[in-house]
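Asker: Each chain is listed here by its residues.
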Amino acid sequence: MTILYLLIPIAMVMAAAAVIAFIWAVRRGQFDDLDTPAVRMLFDDED
Amino acid sequence: MSQLSSQICDHCGLRFTGRSRPEEEEPQRLHFCCAGCQAVYHALHGAGLEDFYALRQSWSGQARPVDAKTLDAEDRQFLDDPTFLEENSELLEDGTRRIDLHLEGVHCAGCIWLVERMPRHVDGAVEARLELTRQRVSLRWNPDRVGLSQMAKWLSKFGFMANPLQAENVEARRLSSNKMLIRVGICWAIAANVMLLTIALYAGLDAVSDPGLYAAILWTTLGLSTISLAVGGSVFFRRAWTTMRMARLSMDVPISLGILVGWGHSAWVIFIGHGEVWFDSITVLIAALLTARYLQIRGNSMAADAAERLVALLPRTARRVLNFGGAEESVETVAADALQVGDRVEVRSGDVVPADGCVIRGVGQVSRAVLTGESRPESVAPGTLLEAGTTNLASPIYVDVTATGEATRVGRLMAWVHSRREHRAPIVQLADRLGGYFIALVLLAALATAIAWSFIDPSRAVANVVALLVIACPCALGMATPLALTVGVGQAARRGIHVKHDDVIEALQAMTDIVFDKTGTLTEGRPSVVDVFGDRSAAARASALETRSSHPLARALLDWARDHNDHAQTLVEDVEEVPGAGIKGLVDGRPVALGRLSWIDEMAPLSPAARSWAESRAADGLTPVAVAVDGEIKSVLALGDSLRPEALDVVRGLSERGVAVHLLSGDHPQVVDAAAQRLGIDASRSLGGVTPEDKLRYIEDLQQSRPDVRVAMVGDGVNDAAALQAATVGIAVKGGAEASLVAADVFIVQSGVAPVEELLTGTRRVMGVVHRNLIGSGIYNVFGITLAAFGFISPLAAAILMPISSLGVVASSLAQRSFAEEDETLPASPQPALRELPTTTTVPEPTP
Chain Y
1 MTILYLLIPI AMVMAAAAVI AFIWAVRRGQ FDDLDTPAVR MLFDDED
Chain W
48 MSQLSSQICD HCGLRFTGRS RPEEEEPQRL HFCCAGCQAV YHALHGAGLE
98 DFYALRQSWS GQARPVDAKT LDAEDRQFLD DPTFLEENSE LLEDGTRRID
148 LHLEGVHCAG CIWLVERMPR HVDGAVEARL ELTRQRVSLR WNPDRVGLSQ
198 MAKWLSKFGF MANPLQAENV EARRLSSNKM LIRVGICWAI AANVMLLTIA
248 LYAGLDAVSD PGLYAAILWT TLGLSTISLA VGGSVFFRRA WTTMRMARLS
298 MDVPISLGIL VGWGHSAWVI FIGHGEVWFD SITVLIAALL TARYLQIRGN
348 SMAADAAERL VALLPRTARR VLNFGGAEES VETVAADALQ VGDRVEVRSG
398 DVVPADGCVI RGVGQVSRAV LTGESRPESV APGTLLEAGT TNLASPIYVD
448 VTATGEATRV GRLMAWVHSR REHRAPIVQL ADRLGGYFIA LVLLAALATA
498 IAWSFIDPSR AVANVVALLV IACPCALGMA TPLALTVGVG QAARRGIHVK
548 HDDVIEALQA MTDIVFDKTG TLTEGRPSVV DVFGDRSAAA RASALETRSS
598 HPLARALLDW ARDHNDHAQT LVEDVEEVPG AGIKGLVDGR PVALGRLSWI
648 DEMAPLSPAA RSWAESRAAD GLTPVAVAVD GEIKSVLALG DSLRPEALDV
698 VRGLSERGVA VHLLSGDHPQ VVDAAAQRLG IDASRSLGGV TPEDKLRYIE
748 DLQQSRPDVR VAMVGDGVND AAALQAATVG IAVKGGAEAS LVAADVFIVQ
798 SGVAPVEELL TGTRRVMGVV HRNLIGSGIY NVFGITLAAF GFISPLAAAI
848 LMPISSLGVV ASSLAQRSFA EEDETLPASP QPALRELPTT TTVPEPTP
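Chains Y and W, in that order, are what the protein sequence lines are.
Residue numbering for the first sequence follows my numbering, beginning at 1 and increasing consecutively.
Residue numbering for the second sequence follows my numbering, beginning at 48 and increasing consecutively.
Honestly, the hints are just simulated from the structure, not real lab data.
Hints may be right or wrong, so weigh each one.
[Claimed, not checked] Part of the chain Y face toward chain W, derived, beta carbon under 7 Å:
hint, residue
1, V26
2, T36
3, V39
Beta carbons are placed, not taken as given, at the ideal position from N, Cα and C, and that holds for glycine.
Taking the hints into account, I'd like the entire structure generated from these sequences.
Answerer: Below is the structure:
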């Protein structure tokens with residue numbers, strides 16, 4: 001089980017990366033509007 | 048009464064009764080419920096945007112006719128004002144400008160599609176992005192190629208009204224909401240990882256089997272939990288500390304205590320080397336509670352927008368006149384805030400008056416639409432008092448300032464709204480207080496348990512105390528009550544009932560009296576000709592006088608005349624409207640007068656038969672209108688506003704529940720009395736001929752009559768602002784003027800009294816949920832604490848039970864069906880095959 005001494009820190013680093021990505025997305029305003037993008041997918045672009 | 052058919056409007060797809068707007072060009076007959084739908088339909092087809100109909104989702108409810116006038120964006124000139132743009136928009140590096148505006152009238156996918164196509168149709172518009180839930184549009188444009196007001200005008204063609212936002216506040220709220228979201232994200236990430244790591248402990252890992260790994264996991268979870276405490280727990284610690292300094296115990300106190308004890312003891316366990324750790328429970332607790340708080344914050348920010356839109360409509364700049372009346376009179380542009388009482392300002396055509404004041408030079412017309420909802424222009428002359436927010440329509444006028452900024456009528460209204468916002472719902476305050484007693488009780492119980500067990504079996508003392516502290520969850524009080532209220536408010540909003548503060552829900556529950564405004568709420572709001580005495584065709588031709596009139600009765604007369612006219616063309620000349628009396632002019636060369644009985648009587652005396660007929664109709668609650676041709680009485684028409692069918696049931700339902708129903712209206716007293724009688728409202732509680740000041744005084748008197756009285760006022764907004772403010776709960780129906788919407792505590796976008804009843808039933812259900820939560824959590828706590836004190840619950844079990852109980856209470860709040868969605872929608876788009884064939888033919892409009 002000593003491999004866990006390596007795996008757990010790696011997992012922590014990955015989790016930290018995910019959290020940083022989340023913070024970045026929130027700061028960019030990606031979570032401000034959760035409803036409209038879903039609807040926007042329905043539109044056809046004629047060009 | 049004429050035959051009214053039920054048809055479906057070709058634009059909005061809603062059912063409507065009454066005349067269809069006439070359509071000149073046919074291949075197929077088109078029907079529209081109102082000028083608004085007609086205009087938008089043609090605008091869409093004209094611009095090649097018919098795909099809109101495929102995308103837009105169905106509306107529900109009744110057709111809401113819209114005046115063609117509201118689609119005109121002349122008063123949006125200030126959007127191009129450089130100072131306005133400076134303050135509210137941002138200039139980007141590529142030279143384009145970006146601004147966020149509130150867009151009224153958007154509600155579905157079709158609207159998003161339409162709005163976001165603007166760059167294709169407006170040269171110079173770069174991007175338009177719509178956020179549907181908050182009705183906010185973000186526009187980017189090239190200032191050299193197009194002006195913002197032009198873009199607003201394009202949007203208004205489709206019925207979307209653009210209004211400015213208070214940029215700073217909106218941005219501030221967005222930032223604070225995002226900060227909270229970040230905290231929530233971090234805490235959940237930590238909680239999830241701690242839970243994963245703790246699985247090892249549950250699986251049996253301990254100091255014996257693998258001391259190294261055991262220690263590693265303990266220290267890791269300790270580290271992560273500490274971060275969680277710092278990031279998430281601090282929110283609760285801070286609030287708990289501030290309330291404790293005020294010698295009060297709020298919900299945050301037991302929460303903070305639970306978190307700290309849990310963490311503290313677990314850390315202690317690590318240091319002394321043996322015992323249970325509960326980092327997983329603590330981190331999940333923090334994350335869950337933080338989420339609830341975030342949802343609350345997000346819910347609150349939407350309510351704040353409405354009030355701020357009103358302030359945003361006031362101009363930021365003013366044109367101050369120097370040396371007024373003197374030889375070197377000149378005008379300088381100053382910030383509106385810099386105005387002083389006694390300053391003279393010039394208000395140009397199209398500008399908004401920046402402060403309260405008195406007209407000192409200039410004759411023209413203004414629109415008080417923002418304040419009163421009356422889109423009809425009013426004449427002004429030197430001496431007229433104007434309020435900040437009024438729009439000047441015609442020639443420039445000069446105003447002597449009497450009140451600025453917060454002292455203006457609008458400013459005072461805003462201040463009142465702000466002060467109300469700090470007000471917390473009584474039940475939430477009660478919950479806080481109970482929480483205080485509760486925590487005191489829990490601490491005592493914990494102490495007692497500790498002492499007792501230290502005698503009986505010291506090794507179990509700590510475990511039991513911790514179990515007790517962990518299981519004694521005040522979550523129902525702290526979190527679920529506001530959550531139940533917030534969710535209820537959200538559900539109501541989806542039904543078009545916008546409740547501004549949580550405490551309104553509770554106040555509506557305790558309501559003792561309700562005051563109705565007659566027009567538009569209990570009645571259809573539209574007068575129609577009910578009965579005729581005398582020469583019908585003469586009356587029909589005479590009604591042609593009303594073609595250009597904006598008098599409330601004009602529409603009724605014209606509609607009726609259209610039915611009874613023998614399609615003869617009438618020539619109308621020299622029309623003169625005599626305010627408060629009637630209208631006169633030449634019809635086909637002959638002098639005709641149409642109006643109030645007393646006025647017509649002066650010119651052409653009524654016969655006794657006519658008079659008695661008119662009086663009997665008036666006693667029935669109708670409004671008599673006399674017609675005189677060539678100085679001779681020809682006919683008398685009786686107009687009335689019919690009661691809505693559901694009005695009677697609603698009033699009866701209210702009386703049965705013990706709520707006293709009152710009726711106040713500006714209408715003729717006899718009309719009001721008749722209506723009151725038909726509705727079963729006590730004569731002592733109904734009043735006609737009431738002015739806005741009278742309404743205010745009536746409500747104030749009512750509130751002082753008994754100590755426990757709670758008055759709800761239901762008004763259609765126009766001129767009711769003061770009364771709505773004075774009532775315990777002000778309900779504005781049918782979206783009247785901005786000012787009244789701000790003054791009211793609830794505004795309902797549909798007209799009629801059925802939504803009012805929905806509001807009352809819904810609030811009752813929400814309070815039911817709140818009480819259910821309180822009782823449920825009370826029972827849980829009593830059992831939990833008792834069992835923990837007697838040692839039947841281990842800290843682990845407590846750590847599991849407590850989140851379950853919180854989840855249960857939260858789930859019960861979220862799952863409430865207080866304002867259920869009723870499925871009364873029509874087919875999505877009015878395909879020709881599905882459209883009903885009209886049962887009456889639409890008569891072509893008589894040419895004036």
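Asker: With reference to the structure, classify each hint as holding or not holding.
Answerer: Status of the hints after comparison with the structure:
1. V26: 5 Å, holds
2. T36: It holds, given that the least Cβ distance between T36 (chain Y) and chain W is near 5 Å, below 7 Å.
3. V39: Where the cut-off is 7 Å and the nearest Cβ of chain W is about 4 Å from V39 (chain Y), the hint holds.
Consistency note: the structure conflicts with none of the earlier hints.
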